Amino acid sequence: MTTPPTDLKATLLKLEARVHDLEVTARETGQNLDAAIHPLRAEVERLRTAPVPAANAPMTRWERVQLARAPGRPTAHDYTERLVTDFTELHGDRNFADDHALIGGPGRWQGRPVMLLMQQKGRDTKSRVRRRFGMSNPEGYRKAMRLMDLADKFGLPVVCLIDTPGAYPGIEAEERGQAWAIAESIQRMVRLRVPAVCAVIGEGGSGGALAIGVGNRVLIQENAWYSVISPESCAAILWRDSAQAPKAAEALKLTAPDLLELGIVEEVIPEPVGGAHLDLDAAAAALGEAVGRHLDELGKLNEQELKAQRAARFRALGAFTES
Amino acid sequence: MTTPPTDLKATLLKLEARVHDLEVTARETGQNLDAAIHPLRAEVERLRTAPVPAANAPMTRWERVQLARAPGRPTAHDYTERLVTDFTELHGDRNFADDHALIGGPGRWQGRPVMLLMQQKGRDTKSRVRRRFGMSNPEGYRKAMRLMDLADKFGLPVVCLIDTPGAYPGIEAEERGQAWAIAESIQRMVRLRVPAVCAVIGEGGSGGALAIGVGNRVLIQENAWYSVISPESCAAILWRDSAQAPKAAEALKLTAPDLLELGIVEEVIPEPVGGAHLDLDAAAAALGEAVGRHLDELGKLNEQELKAQRAARFRALGAFTES
Amino acid sequence: MALDRFFRRRRPQQQAGSDMPDLWTQCPACKESVYNRDLEANLWVCPKCNHHIRLEAGRRVEVLLDEGSFVQLSGRVHPTDPLNFQDTEAYSDRLVRAQKKTGRPDAILTGTGSILGLPVTLAVMDFAFSGGSMGSVVGEEISRAAEHAAQIGTPFVLVAASGGARMQESALSLMQMAKTTVALEGLTARGLPYVSILTDPTTGGVTASFATIADVIMAEPGALIGFAGPRVIQQTIRQSLPEGFQRAEFLLEHGMIDDVVDRRNHRNFLAGLLGVLTRRAPDALPTQQSPEQSSEQSAEAPA
Amino acid sequence: MALDRFFRRRRPQQQAGSDMPDLWTQCPACKESVYNRDLEANLWVCPKCNHHIRLEAGRRVEVLLDEGSFVQLSGRVHPTDPLNFQDTEAYSDRLVRAQKKTGRPDAILTGTGSILGLPVTLAVMDFAFSGGSMGSVVGEEISRAAEHAAQIGTPFVLVAASGGARMQESALSLMQMAKTTVALEGLTARGLPYVSILTDPTTGGVTASFATIADVIMAEPGALIGFAGPRVIQQTIRQSLPEGFQRAEFLLEHGMIDDVVDRRNHRNFLAGLLGVLTRRAPDALPTQQSPEQSSEQSAEAPA
Ligand SMILES: [Zn+2]
Ligand SMILES: [Zn+2]
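Chains as they are written, first to last, in our numbering: chain A, 27 to 349; chain B, 27 to 349; chain C, 16 to 318; chain D, 16 to 318.
Don't take each hint at face value.
According to the in silico footprint, chain B covers these stretches of chain D (three or more CB under 8 Å from chain B) [stated by the list, open to error]:
(1) 49 to 61
(2) 64 to 70
(3) 126 to 135
List time: in silico BS3-like cross-link candidates among lysine-lysine, alpha-carbon distance up to 27 Å [stated by the list, open to error]:
(4) B:K152 / A:K333
(5) A:K179 / A:K333
(6) B:K179 / A:K179
The set of hints was computed from the structure by calculation and includes no laboratory data.
On a predicted model such as this, the values are computed, not experimentally measured, just so you know.
Glycine included, each C-beta is placed from N, C-alpha and C at the ideal position.
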């Protein structure tokens, strides 16, 4: 926990000042800066109306889900801009297309050579549409596998930043084997000879998240969620009413502390009070440190140990009794 | 047997001279060169005992090309029906589509468990269209690679029956990476841990043929052809007139005896006089015997030896001088 | 023909565990009424319209394995309610109901047996139990069966039938996708074949994990197979779905499965395939399929 | 910015082996006349329309490598006429003509050098020699260069520019596709990166072999890249080709290449990429490309 609650107010003031600056500039230059102003204004509005968590009022699971999805929530790019140098984005699955919802390439994670894979929701309306709000088509997972091949070949640890509502549910995605791509990507991760550290930084939606989530370590930010199904879909099926999503969120136990307790993740990465969007640098620093620490620890293991540890980690998950 | 008798005699003399040279070298150096000598000797023997074609019917190279393409020419299916049992056709590239021009699956080649890959032109108009006259889209080569993965996994030797005018030159084929699929298939064959025996049974058209042609042994039926380009396309480019195809065929030296002399193939598989279509059972028997014999020979090599032999075979091909 | 032999060896009979209170069954596809005895003799494929009726796990075992060869492995692992999940009904109550209905602890049945003499390890999902949904027990039993196959050196055959992961175990269900994948690695390490048979329906996390990383993927005719359910897709794209979308034949055309195989040919298909993949000597029992037998090729008259 | 530094280090200058008889060059794309000196300073990218003018192999080396770092490997292998090939002209005559024109034995130039201090082995195809066509010599020199890279432990960088395989060597040309692939295996065995740069045009057997099995595939803007030539495709399908068909940008969209990279950024791109792939410590020379620098991302304003 790094930021005191007063930071929300400070952030609001800062953002408002920037909106004002931009408006002045627009007037003075005659340039249309709406593309820059609108999102800022929306963010100001969101923060103003957002339920302000009092220091003594823990958030409900549903509130966290909303926070994890908020338009102002930092995306993978916000973090990699702060944590990664020498990044080369590599495009395409060498089969059909380049997917913009799941991107990656080699770079240095605070100096450490790694292969980066990240789900990217986009930072404005146009890019959100282009990136399908972080929902990959099969080509995204196939590109991920190709990059994992390169990671294995060159001994680069894999870092996955997970942030997706789920794999894209479209006709073409089905035609081109969405399920196959996810299954093969899971298998590809099981077979990695290099360390893999995964961090859920927003939404961890179902198989679309797990496809790049089979790490030696799986971390999650404090206000991120990870679940087999979204609260809305779960509510639609079990309550026959997607408006019951808050109830479903409670039942699914999908928040970071829940997942830590269930043994699904190794560590919860703290966010500034009120959420990562309120102090991006602090949020990035915490993410960078946690991922880096696990990379360094895993660096001591050899190929066999890495594969065995990863396999054992996932083989052990599940709850049952035995007669 | 259709080779003009004078050519046959000349070829025999040449081959015998080479056998002699090798024997001398073996004696002088103390090296065991049997691996090189035996196939040559077998070929000498084969040519000696081969049915002598009528002296008045020598075929030109162009006539052979036409024979290789004739609608009545046996297709891969005609051979596998006679030579392969327990065949299970496996479909699809698990990516985009099932290609009907390049098909395959596990089966028994005269009793030997193998992975069969074959280009299939179709046997009537309807199936020819469906199979694109033996011209694969990228999905065909991607399926081939998938089956090679299975072959490696289960230790099944790969048998490739090559019969294609070339890879399909279409918009969609380009969009989905025709060149990439061929290149990757070549690489996949280079990496095979199992024996691979390839036989050109009709047309060996360019990269589309080579994609499944990187075998430990490459055989060719007597009236098949194998070339970097079709005679028509070659004529269109060099003579600016595709009607000059007969001239191009002569220049390209694309017939079985040519290729044997150039060291591109290990063996010419005899066909019944007048062509394989005149006695399908005899043609199949000769193909079955030749492929089977090479499979048996290669069965004595281990993974490393197989890869090394295949690599050395192709690494050595080319004609140049060195200053 | 191989099929004749198959039927000679498997005459209709009253089965242990499958009581037939009604004389007739109405085919869900063509609505015709069919004698249960005829249906059973036809392996629950409608003789009128060829519809492949969904099979309870025990019947599936009978359809696939040599008579009397099945030795059950599963059954000792029981589900719990790790999240204390409560929707309109408590998960624990749902479990009890499904257990009573099916007589199984969960939606999975595994064991060993043989197919035309060839030993296999088999896992069958049971759609009758909570829509075949995959929770911790399904994941654990499939993992154990795959590991057992690797240990005793048999091929592994899995019959999928599932609506997907079980919501009531949330992230623990999701993790079964990775867990089963890990368990299947032992087969790869030992060079043993894994064949999956996708039946109606196979969707969600099951399709997106163990069911589709098989060496060979078979599917039953007409089976619905996909990642997202048709309704979810329709809600997303707000347009109607193409004819035959997500059906087995559609997936074959799109390169996703190795073949659509009629249930009455499953044993022959598997025996022929696994015999070659395991490099067994051709059996005294002829299971030959020469290329011209495939439906595709029979359309082509010899030149 | 990295680009500034790049230019500071590479001032325009008279080059050995590249004589400039004319003061002006007409851009083949926009038809504007450009000062040769400006063109050279801009690495033969048209300053008016950004068209990437085709480069002779020697110039390519200068564009890519640190000044004075190039040590040539190729040159001792000479072509023959194994088929005694004769079309409207004898192959042997064609060879002599191309050799005189380019001053090289064949369409290939290889050697070692460095990129921003990082040692590499380089192979450059020469489109000026017989359309960059690949015969035995091209295959042999590329193979030797790849093997040399593996031997001395450097990354391998290949610049492709070719109309395809050389018809006049028939099947021997075709076999170079497999031969080069074999030779590249040594890099894989040693975990050394191989990067190819596809330039205008790269088609046929070159695209269908070594050029596209690189670990990372770059392409120059606007480069024509494909298997079949546009004319062949048009003849086959008898309809017009889509806008931008087979251009670098088209292939990027279709997932076939890793990026379209402006020639003026090749050195930075390669140094940054290869530095990470070879796990070198971050250099004193900053070659940093942080994610927001890519053209794609700059379109996104921070929230
Ligand atoms: Zn019916
Ligand atoms: Zn210009």
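Hints versus structure:
no. : hint            : verdict
1   : 49 to 61        : violated (count 0)
2   : 64 to 70        : violated (count 0)
3   : 126 to 135      : violated (count 0)
4   : B:K152 / A:K333 : violated (50 Å)
5   : A:K179 / A:K333 : holds (15 Å)
6   : B:K179 / A:K179 : holds (20 Å)
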